[in-house]
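Participant: Listed below are the residues making up each chain.
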Amino acid sequence: MLETVTTIVLLLMSLSILICFIRVIKGPTMSDRLVALDTIGLNLIGFIGIIMIVQRTVAYSEVILVIAILAFIGTIAIAKFIEGGVVLDRDRN
Amino acid sequence: MIEIVISIFILLGGAFSVLGSIGIIRFPDVYGRLHAATKSATLGVICVMIGTFLFFLVIEGEFIGKLLLTILFVFLTAPVAGFMISKSAYNVGVKLWDKSIQDDLAKEMKRAERKTKQRS
Chain A
1 MLETVTTIVL LLMSLSILIC FIRVIKGPTM SDRLVALDTI GLNLIGFIGI IMIVQRTVAY
61 SEVILVIAIL AFIGTIAIAK FIEGGVVLDR DRN
Chain B
1 MIEIVISIFI LLGGAFSVLG SIGIIRFPDV YGRLHAATKS ATLGVICVMI GTFLFFLVIE
61 GEFIGKLLLT ILFVFLTAPV AGFMISKSAY NVGVKLWDKS IQDDLAKEMK RAERKTKQRS
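Respectively, the protein sequence lines represent chains A and B. Numbering of the first sequence is given in my numbering, commencing with residue 1 and proceeding in unit increments. Numbering of the second sequence is given in my numbering, commencing with residue 1 and proceeding in unit increments.
Quick caveat, the hints were computed from the structure, so don't treat them as lab data. Note that this is a predicted model, so its numbers are computed, not measured. Backbone N, C-alpha and C fix where the C-beta goes; we use that ideal spot for every residue, glycine too. Treat the hints with care, since some could be wrong.
What the hints assert, rightly or not - What follows is a list of derived Cβ distance ranges for each label pair:
1. 65(A) - 111(B): 36 to 46 Å
2. 81(A) - 99(B): 43 to 53 Å
3. 60(A) - 119(B): 53 to 63 Å
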């Protein structure tokens, strides 16, 4: 039973990533693309979590953490870049 | 029995993820899309992670703290990322939807500008 459910949910996750990718290509502004890329990162975390259940291994738990951190930092960096063109501003005033 | 609980959690997570993606492609402007993305996709990922944690805890008999750490991290950082995206979109000048009724932030920003002018 768990095999059927994991297959169905893997299909749902791939469908979700595909839909987000359509928005990445289509999006009229840069912010739309950023929202869709952030959601693709979140969906990848769930995808790998289900692959852990399918393969019955613990090895991917670090992969999940690293993807979560990279998606967050990448989103923050691109948002700052869109706003001002600089990622780290040193204006202390 | 525990398989049914795990299946319910995982199916809920997949359904929330697909709903969030449909929201991303169907909403009319950036702020609406953020509304779909940061709430629904986060809840979906948290549901899937709880299912995976229960699977390894009950069926395989291992306690994996990293999955709990992932849940906490996603729960903390997804709102921050959404806030940063919306702030940068507003400052760059992305338009609201045509049928949006009110824009409170514009009023507040005008008032703040007036205050700084009076001070200087």
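Participant: Hint says 36 to 46 Å; check whether the CB-CB distance for residue 65(A) and residue 111(B) agrees.
Facilitator: Cβ of residue 65(A) to Cβ of residue 111(B): about 43 Å, so the range 36 to 46 Å holds.
Participant: For the hint 43 to 53 Å, verify it against the beta carbon of residue 81(A) and that of residue 99(B).
Facilitator: 31 Å, violated
Participant: Does the Cβ distance between residue 60(A) and residue 119(B) fall inside 53 to 63 Å?
Facilitator: 55 Å, holds
Against the hints set out earlier in the document, a violation occurs for number 2 only.
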